[in-house]
Every structure is written in C-alpha cells, then in structure tokens.
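Asks: Letter by letter, the chains look like this.
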Amino acid sequence: MSNALHIVVCAGIVPDPLQTLEPTTGPNGPGIKNEMVLPAVLDPWAASALYEAANLAAKCPGSPQSPSKIWLVSLAPKAKLQQVMMSVAQKVSFELVPVDGPIGGFPDAQATAAVLADAIAAIPGLEHERMLLFGGWESATRGAGVTLELVGERLGIADQFQGVDQIELREDGSFEVLERVEGGKHQVSVCAGAPAVLGWATGNLAEPRNNPQVGMANMRSIMPALQKAKTAALEANGLRYVSVSLPKQQRETRVEKNMSEEEIAREIVEWIGAE
Amino acid sequence: MESVLVLTHADESGSALTKGLLEAVTAGRELAMRLGAELTIGIVAKHATSAAAQVAGAAKRLLAVQGEAFAQARFASDAAACEALCRAVMPTIVLAPQSSRFARVMAAVAHRLGGFIDTHITAIGGTDGVEAMRWFYRQRIEAVVSREKRPWFLLLDLGTNSAYAGAEAHAALEGEAAQADEISIAVELPALRTQVIGMRAPNQGAQTIRPDAKLLFVAGAGWTKKQPDGQVHVEEAGELILKFLGASGASLGSSKSLVDQGGEGNSVLPFLSHLNQVGQTGSTPRHAKGLSTCCHGEEPHVVGWRFIGERRAVNLDPNCGWTRGKADVVYVADAFQVMARVNALLEETASSS
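Chains as they are written, first to last, in my numbering: chain E, 1 to 275; chain L, 1 to 353.
It is possible that some hints are incorrect.
Within a straight-line C-alpha distance of at most 30 Å, the following computed DSBU-like cross-link-like pairs (lysine-lysine) qualify [as the list claims (entries may be wrong)]: (1) 60/L with 19/L; (2) 289/L with 248/E; (3) 78/E with 33/E; (4) 226/L with 257/E.
Hints were generated in silico from the structure; no laboratory data involved. Treat the numbers as computed from the prediction; the structure is a model and nothing was measured.
Next up, chain E with everything else stripped away, as it sits in the complex (with noise of 0.2 Å):
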C-alpha cells in the first residue's frame, strides 16, 4: 500500500501585519479602510502549516503512480490572492484550489467554513481516507479559530487537532501529534491515521527560502486556477455588529532617559511588589 497523503492547506490572506488598520463601515458592513490596496500575506498560521505539509509531503512522497499532494484552498478576492501566490508560491509546491470571495475577518467564520467544505469536496483525485486538513488554528483576522474544525465536521473528520506543533508519522500511516495546551504544555495524542484536521499553531519549521523554479512550476497551474475561481457568497447567519471600533487604549508613557541602573533596578522591584 502506498502511504501517499492528501494534505489539503485552508489559508486566507491577511493585511501584512505591520499595517495600520482602521475600521470602516460599508453596505456589507464592517471593513477594514483601504482593505483591498493594503500589502497582504499568507495567514501567518495557516503558512506554518503549508510548510509543515510540504515537509510531510516531503517525508511521504508516495509512489509515481500515488504521489503524496498538497492543495492550497483559499478564499479571497481572485486579484488579492493573485498578488500574494507571487511570493507563496516560492515556497512550496502545491495546487491552488481559489475561491473568490470576500477579503477580511468580519464575514461569519460558518458560512466561510460551507463555502470551503464545498471547494475541498470537489477536488479532482482527492481521496477522503488519505486526507489530512491542514490550517491554522486561528487566523490573523476573524482569529476565532473554528473556520477549520466546521470544515472538518462538515466533511465528516472524527479526529481533530487545534494548536499542533508537531506530526510524527508512523510506519503504519498512525501520527503522534503534539497540540498546545494551558500552562505552556503540549497534550500528546496518538491517532490511527488519516483523514484527521490538524489546525496549527508554530510548528518548528522556519519560513523555506524562496525557490524560483517551484515558484515557475507552481505559477503554470495557480493562473489558470485563479481564472477558472467560482464566486462565493457568504450567508450572514444572523450576525449582526452592534459597533465596530478601535481601542481607546492609549498610554501616556514616562520615558526615562537619565535615570541610573540603580535607580530603575529600585523603581521596578517597588512596581513589582506593589499591588
């Protein structure tokens, strides 16, 4: 039996988060200002998993006639995702799955999550019993953390993990998996085999250098996926934003310039003590 994967990688695209963000109010309702001109990445979780699927990928590479496969589904305007897979691209192989939709994390996180079962379950080839749902476990903007595990459930995934740092494979296809938990620790799990959901956090692998053939090999097929994307429309559900708003949080700070080490080294020890 080959032991190819299916990895299939949910990631939106996120304002770069060195942006300043001001909210808005639009027909559709709540916005970020100037959302669709601002520098945008790859959700910074949700990248961390699409690097962690290539290294599995990597370590499972299946058979020529069953190769291990990554897909990269994605919903957002076709022109912002066309920007971004510029450089995404570079990174690792996979095959853009792009839904074109609505930019930002005010859309409700259960009509994104339809909107996306719908795209995974057509996939061409896809095989339910060797699939393992890759995303991250919260996004950048909506940063509810359940767009993933409604995914899951409404594919029919029994076994989910959220904040995953770790996947060891096993010979006989079963995966150790390290998830975050309170208290700075890991919950160590061990389950049968794919199809799973595994939402990650960090992971431990750095960001791969940009690779400039992958990055050609992987443009042939984005653009003409990226042509071909359907548009979606997301259900309200019922959501309602009673206000939207920037916090009001702003300090006024005492900057200290001539103080001795002594000096702070007391002030801080008091500040600490102090209830």
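Given the coordinates of chain E, assemble chain L onto it according to the supplied hints.
Replies: Okay, now just chain L, sitting in the frame of chain E:
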C-alpha cells in the same frame, strides 16, 4: 424565551473544575438572571461527583457526562459528550470556557445542533438581548456582535469573569455527591481512533510559562545581540532571566524574532520555545503587569499585550515602539545592568524577610 446552558469540563485530574473553568458558571448565572432564563450546567468529566459539588448551588438543573472515555481531552468523545448535553437541554444560548479542550470541539457541536458559534468572548452585555464583545485582527479592533439565530454558542476567554464560588456549593458537597449518577446522561460514542497518551513540557528544564503569575516578563532579541564590548553574552542573559523568573515568580514571554533565532542557527536562550512567543503569531496572555526587556515594542509583538494591565519596558532605544503610547514607563537603559541590579535587590528583599 431564552434558556442558558453552561458547559464545563474537569481538569487533568478528571474530577475537579479549575478557577478558569468556573468562570463560565458565573457568566451563565449573570446572563440567566438578567434574561429571566432557565440555567442548566453540564459537566464533562471522568468522575463528575466533585465537579458537580463545586457548582451544585449555581443552577437548578445539573447534568453530567462521565466515564473513562471522558478523562481524555479528545475531539470525538468530547464532541459527543457536549452534543448529548445540548440535546438533553435544547438551550438557546450555550456558554463555555475557551479552554483548549472546548475550543477543539465546540464549533463542531454548534454545527451538529444547527447553531452558530462566536469565540474569544471577553464580555456579554446588551439591554434587550444578548450582545457579545470580542476582538478582531489579533486584538487590534474590538467589536460587539449579536445573533438572531439560535442556538448561539459563546466561548468565553479565560480570565474575563470571576470564578464561581458559591457558599452553598460547599454545603451541598455531600448531598450532591450521592446524586452524581442521577445527573448522568448516556452518550453513544463513535469509534475512537485517537488516544491521548500524556502531557509534555518543552525540554527547557524549569517551566517558564505561568498563566497565573501577576507579572509577564518579556525577553526580546536584544538579549542575544552584541553588547558594548562587541561580544554576545547569551549565557549571561539566560542566567539573568532565569534568576529573575525564580525570584519574581513571573511568567516568561518572548518576541517572535528571539524565538526564531533558534531556527536560524543563531545563539539562543535554551529555555525559550514558540510557546513563549507573545504577539501576532503567539499568545495574548492576561497578567496584571508586564515588563519588557530588549524588545522594540513593534505592533506585531505589542498586540499580544492587549490584556496586560500596567506595562513597563527597558530598552536602549529612546524611540522604540514602547515610547509611542504602548507602555506606561520606558527606561532607556542597558537591560543587562538593570536586571542584574533588580535580581540583587530581589535577593536582598528575600533574605531580609
């Protein structure tokens, strides 16, 4: 008419509810009282007796799913347990703690019940209905949401409510213990393909992440950079930091750049891992105070400080991000020297007391 179900689960011992897990009970009681709604508490545990006793006076109705299968925090069994509790009550609103155990399953449970879920709720309010506050874009934008559709599941961030500690709960301990079997409901488990085999702390020696600590101490990349003598002093940095953590009881956080150095083959502090990382791609801990050292205070890191009360920073750069309204006090100084003196003073205080 709303009805409220509070779901909670036992801790690693399999039978007790921790402070964080009791917070949802407080929130549930307040919400049910305001809405005039019926309140039920559902418990998932290996043995529900003690847990039931802890919340005995909190609600008129108590239900539990218990057994060996529920000793493990595992998706298939936990989802089945929560689903069974929900079906037994058919509530319009479900409150649960945002623990790793329930965060793993509650969206799936909501889906099975035909409901909807919102997570990381920091406050519940509203005058005529129910409104929930949560953050978006990694704590950079706050929003208040409501939903027309029911059932509505709300996962409450830990540390946002006081833990339920009703006096009547202790008085009822023995009586409730006898009733543990009566409140149990049966669950049909699916095939269990996953086994939890234990917990693992990172290979760092002492545990440096302490969620209950009053102080968060953040080490930035500057600790591993060249110092005025032109050399790096990683070993000394590590000693200073660990000594401070030991003396102060603080929890250790880090910036992404420092943790990432390990993966890039540079000198690193051996006791740091990604679990210590605070910020955009790390955690957002809740501590009363935070002290940042050798960290620039750029936005991707500082978003992780959203729920830190008082903030101070030690940095050599007088124009670092902390000075731009992100900290209460910024000391422009060498953290090596400052922390050495802080440690000496803490040692003096400890020996004199």
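Asks: Evaluate each hint against the coordinates.
Replies: Hint-by-hint comparison with the structure:
1. 60/L with 19/L: 21 Å, holds
2. 289/L with 248/E: Distance ~19 Å between residue 289/L and residue 248/E Cα, so the pair holds.
3. 78/E with 33/E: Status holds; Cα separation ~19 Å.
4. 226/L with 257/E: Holds: residue 226/L and residue 257/E sit about 21 Å apart, inside 30 Å.
The structure meets every hint from the earlier list without exception.
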